[in-house]
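All chains should be modelled from the sequences, with the hints used to inform the complete structure.
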Amino acid sequence: MAEETPEGHLVESMSAEEEASPNKNDGNDGTSSEESSLGRCLSTLISTIIQDFDNRAEHTLRSQDQLSFALHRLTAELDQLLDDAPLPFVMQHAARISGVRKRFTSLNSVLKSIQRRIDNIDRTLSAASLQEKVLTESGGTH
1 MAEETPEGHL VESMSAEEEA SPNKNDGNDG TSSEESSLGR CLSTLISTII QDFDNRAEHT
61 LRSQDQLSFA LHRLTAELDQ LLDDAPLPFV MQHAARISGV RKRFTSLNSV LKSIQRRIDN
121 IDRTLSAASL QEKVLTESGG TH
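The sequence shown begins at 1 in our numbering and counts up by one.
Calculated from the structure, these hints are not laboratory results. Ideal placement from N, C-alpha and C gives every residue a C-beta, glycine not left out. Heads up, some of the hints might be wrong.
Said to hold, decoys possible - With a cut-off of at most 20 Å between alpha-carbon atoms, the simulated EDC-like pairs for lysine to aspartate or glutamate come out as follows:
#1 LYS102 x ASP79
#2 LYS133 x ASP122
#3 LYS112 x ASP52
#4 LYS102 x ASP65
Said to hold, decoys possible - Beta-carbon label-pair distances, calculated as ranges:
#5 LEU82 x PHE104: 17 to 25 Å
#6 GLU34 x VAL100: 38 to 46 Å
#7 LEU125 x SER63: 23 to 31 Å
#8 VAL134 x LEU61: 43 to 51 Å
Okay, here's the thing in structure tokens:
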């Protein structure tokens, strides 16, 4: 059964019968069923957290892109202003803004690198989870 989180994500959840009933393919004491239920709950929790983080990271990247665009526009306007009236005061502030722009560009590239790494970790965890699920299902049918 799928439920929607407050962030609007769909996550799988178990019905009360699934949680209460032992796994038909496990041993005599139901330990496997409890472990399976715990695993599914943890998987649901982790996937919800990852999805929430992904959404926040996407919003951050969009915000960074908007800020980058605004800084580029401002730098172009300052360059035009310097061409029109090269005053020492204006040049000093233009140099400061250029420094901020360089630091921002560096930070933005670090954030994008971190996002790529997190995406790789997410793909690895998803593949491992899928492989574990396949192994669990195939192990239960023998």
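How the hints compare with the structure:
| no. | hint | in the structure |
| --- | --- | --- |
| 1 | LYS102 x ASP79 | 15 Å, holds |
| 2 | LYS133 x ASP122 | 16 Å, holds |
| 3 | LYS112 x ASP52 | 17 Å, holds |
| 4 | LYS102 x ASP65 | 14 Å, holds |
| 5 | LEU82 x PHE104: 17 to 25 Å | 20 Å, holds |
| 6 | GLU34 x VAL100: 38 to 46 Å | 55 Å, violated |
| 7 | LEU125 x SER63: 23 to 31 Å | 26 Å, holds |
| 8 | VAL134 x LEU61: 43 to 51 Å | 33 Å, violated |
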